[in-house]
Amino acid sequence: MKWLKIILFLLPLTLAFHNLDAQQRFPKPEFHTHYTQPTPTTPEPRGVGMEFFDVLVLLVVLSLTSWFAIRKRSRNGILLLTVFSAIYFGFYRNGCICTVGSIQNVALALADPKYVISLYALLFFLLPLIFSLFFGRVFCGAACPLGAIQDLLIFNPITIPAWLRKTLGFIPYLYLGLAVLYAATGTEFIICRYDPFIGIYRMNGPHLMIYLGIAFLLMGLFIARPYCRFFCPYGAILNVFSRFSRRHLSVFPTKCIQCKLCTTSCPFEAIDFPDEEKSKPDTKTNSRKFILYLALIPVLMLAGAWIGSKSHVFLSKAHPDVYLAELLISHPELKTDSKNIDIQTFLASGKSLETLVAEAQVIRDKFKTGSWILGAFLGLVIGLMAMNQVIFRRREDYQANKGNCYSCARCLDYCPVE
Amino acid sequence: MDRKKFINNSGRLVLLGGLAYLTGSIIYQRKVSASGKYVWQIDPFKCTQCGRCATECVRDLSAVKCVHAYSLCGYCDLCGGYFKPNTHKLNTGAESQLCPTGALNRKFVEEPFFQYTIDEKLCNGCAKCVKGCGSFGNGSLHLQIRHDLCQNCNECSISRMCPSNAISRVPIETAYLIKGDFKKPAVSTPK
Chain A
840 MKWLKIILFL
850 LPLTLAFHNL
860 DAQQRFPKPE
870 FHTHYTQPTP
880 TTPEPRGVGM
890 EFFDVLVLLV
900 VLSLTSWFAI
910 RKRSRNGILL
920 LTVFSAIYFG
930 FYRNGCICTV
940 GSIQNVALAL
950 ADPKYVISLY
960 ALLFFLLPLI
970 FSLFFGRVFC
980 GAACPLGAIQ
990 DLLIFNPITI
1000 PAWLRKTLGF
1010 IPYLYLGLAV
1020 LYAATGTEFI
1030 ICRYDPFIGI
1040 YRMNGPHLMI
1050 YLGIAFLLMG
1060 LFIARPYCRF
1070 FCPYGAILNV
1080 FSRFSRRHLS
1090 VFPTKCIQCK
1100 LCTTSCPFEA
1110 IDFPDEEKSK
1120 PDTKTNSRKF
1130 ILYLALIPVL
1140 MLAGAWIGSK
1150 SHVFLSKAHP
1160 DVYLAELLIS
1170 HPELKTDSKN
1180 IDIQTFLASG
1190 KSLETLVAEA
1200 QVIRDKFKTG
1210 SWILGAFLGL
1220 VIGLMAMNQV
1230 IFRRREDYQA
1240 NKGNCYSCAR
1250 CLDYCPVE
Chain B
2 MDRKKFINNS
12 GRLVLLGGLA
22 YLTGSIIYQR
32 KVSASGKYVW
42 QIDPFKCTQC
52 GRCATECVRD
62 LSAVKCVHAY
72 SLCGYCDLCG
82 GYFKPNTHKL
92 NTGAESQLCP
102 TGALNRKFVE
112 EPFFQYTIDE
122 KLCNGCAKCV
132 KGCGSFGNGS
142 LHLQIRHDLC
152 QNCNECSISR
162 MCPSNAISRV
172 PIETAYLIKG
182 DFKKPAVSTP
192 K
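As given, the protein sequences belong to chains A and B, one line each in that order.
Counted from 1, the first sequence has number 1042 at position 203 by my numbering; the numbering is strictly sequential.
Counted from 1, the second sequence has number 6 at position 5 by my numbering; the numbering is strictly sequential.
Extracted from the complex, chain A is given alone in its bound form:
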């Protein structure tokens, strides 16, 4: 036995100098007993058919929500669907892939020549948008698992002042822009990484993810749906789409009788009040302001593009290759740091620093283009948000704001009109 051990120890040393792929160090033994060699088990992943079944479920939930919100006018029906979505899309399906995250798959599919998107992921992205063009944000109302868990845990919502709401309403666009930029450059999927509720649905996950989820849910007891309103990047797209919806949930079935019963019903302050007669602004100053803001939009976009292109170096540091290349250039002494896994792996890979820097430069160039587009986009958003302030729309009834309303149908129970 002893000689065997010695040989076994020595063999690798002698073989290490040969081509390792050509032959195994130790030949496969020939067994004399009745030994059957096991094969590695390979548990199957969830099939493609199941993913398309999920698309079907999404389609059914969206259709039912539209029907409950617009035709049937039933809060109970939507509540039931919300519970179903939380259970099915959340606890059963464990989140991935979700509509909110699918933005990144679409962005990556458009930008990366090698990435191929699955049809069901594309459908998860498209279906809620198409529905929003016809029936409003019914996806937010009952089909979104992230919205569902928050909606079910609204306890005592406080009123947030309009200026704060509108200012914070900028964050989703910023988040959307950054998510698309990082996905398109192949850096990472930030929406998925900072998804607060997935850890709760999976009842398993990194501590930070779970704490973030609990923090959002606790906040949600008093600030209704904080993630949906102030962070959700998909909500930002839906907000725009839903403004042009063909039909939409209406607070009153036939005619508003100005009873004001619905005013306190909406936890998201998404009901627009009728404007008072005297508040009608001076048309002349208003149109002057309108023209001013309209002229301001290109200026804001240019400024945004400038700031964006200036910040591309900073933004690109999120990409691991760019980060590593920068680290190696600025701190060459780290090459001897045996604890830095990234640097040691890079050095062992035999790739030259020049190659790495060249690759990082390609990525940084992508960021250069992406950043100014992002900046211009954000400038446009700020400009449009400002312009929206001076557009005067005559309102005589208490009506749901098509952009912000989630079609949760809470207000419907408050309306006394039959």
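Just so you know, not all the hints are guaranteed correct.
Claimed, not checked - Derived lysine to any residue pairs resembling SDA-like cross-links, with alpha carbons at most 25 Å apart:
id : chain 1 : residue 1 : chain 2 : residue 2
1  : B       : 184       : A       : 1187
2  : B       : 47        : A       : 1027
3  : B       : 5         : A       : 1222
4  : A       : 953       : B       : 166
5  : B       : 5         : A       : 1121
6  : B       : 132       : A       : 1177
7  : B       : 6         : A       : 1095
8  : B       : 184       : A       : 868
9  : A       : 1174      : B       : 46
10 : B       : 185       : A       : 883
11 : A       : 1205      : A       : 1076
12 : A       : 953       : B       : 24
13 : B       : 5         : A       : 1236
14 : B       : 32        : A       : 1202
15 : B       : 6         : A       : 1086
16 : B       : 108       : A       : 871
Stated by the list, open to error - Derived, one-sided and incomplete: chain A residues facing chain B with beta-carbon distance under 10 Å:
id : residue
17 : 868
18 : 934
19 : 1041
Keep in mind that the hints were calculated from the coordinates and are not lab data.
Note that beta-carbon positions come from the ideal geometry of N, C-alpha and C, so glycine has one too.
Got chain A sorted already, so can you dock chain B onto it with the hints?
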């Protein structure tokens, strides 16, 4: 048709057109696969056993487990994946085992061969045994993402941290890259 309705209708048409353009360009570039699904797998030949699979997975106990490609195993008595490098006693005592969780089981087959199996309930994907097997043995032990445990996250959180970019999406038809069946790709293009 009043003005409001006109704006509403044309806005909807523009947005629908935008969606159609987006979808069309994805389809035109053949970037969509109707029957395809992609799952995460480790390329065992790229893996450098850095140990991050054990810590970076979103699951508490990583979905990455050690897999044994038995067809490559030499059934060694002195297993580089099982024993600590300087151990003297080749027995199943905990002090001589390399695996921190005791997930690698050693069973006598016949003189002088031993079979090594992995208890997946205990394995945390730390790759210590993989490193040992790769350094002193045939490299039959290697890490792989197990689809009964993997959540198939939209983006694998380990892949983001993998120093050798060994984790990538593979088509569901080849859901497992297991050594033996999965061969090292022919010499890659010179860099």
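Are residue 868 of chain A and chain B close enough, Cβ to Cβ, to be under 10 Å, as the hint says?
-> holds (5 Å)
Pairwise hint evaluation, residue 871 of chain A against residue 108 of chain B, where the allowed Cα distance is 25 Å at most = It holds: about 16 Å lies between the C-alpha atoms, which stays within 25 Å.
Decide if the proposed pair is consistent with the structure: residue 32 of chain B and residue 1202 of chain A, CA atoms, cutoff 25 Å inclusive.
-> holds (21 Å)
Starting from residue 5 of chain B, check that the Cα of residue 1236 of chain A is at most 25 Å away, please.
-> It holds: about 16 Å lies between the C-alpha atoms, which stays within 25 Å.
If you draw a straight line from the CA of residue 132 of chain B to the CA of residue 1177 of chain A, is it 25 Å or shorter?
-> holds (16 Å)
Below or equal to 25 Å on CA atoms is what counts here, so check residue 953 of chain A against residue 24 of chain B.
-> Holds, because 17 Å separates the two Cα atoms, which is no more than 25 Å.
Would you mind confirming whether the straight-line C-alpha gap from residue 1205 of chain A to residue 1076 of chain A stays at or under 25 Å?
-> Holds, at roughly 24 Å.
Given the hint that residue 953 of chain A pairs with residue 166 of chain B, does the C-alpha gap stay at or below 25 Å?
-> holds (15 Å)
For the pair supplied as a hint, residue 1174 of chain A and residue 46 of chain B, is the alpha-carbon distance within the 25 Å limit?
-> Cα-Cα ~24 Å, so holds.
Pair hint outcome, residue 185 of chain B versus residue 883 of chain A [Cα-Cα no greater than 25 Å] | holds (23 Å)
Holds or violated: is the Cβ of residue 1041 of chain A closer than 10 Å to a Cβ in chain B?
-> holds (7 Å)
CA of residue 184 of chain B to CA of residue 1187 of chain A, is that 25 Å or under?
-> Holds - the C-alpha atoms of residue 1187 of chain A and residue 184 of chain B are around 22 Å apart, at most 25 Å.
Comparing the model with each earlier hint shows no violations; every hint is respected.
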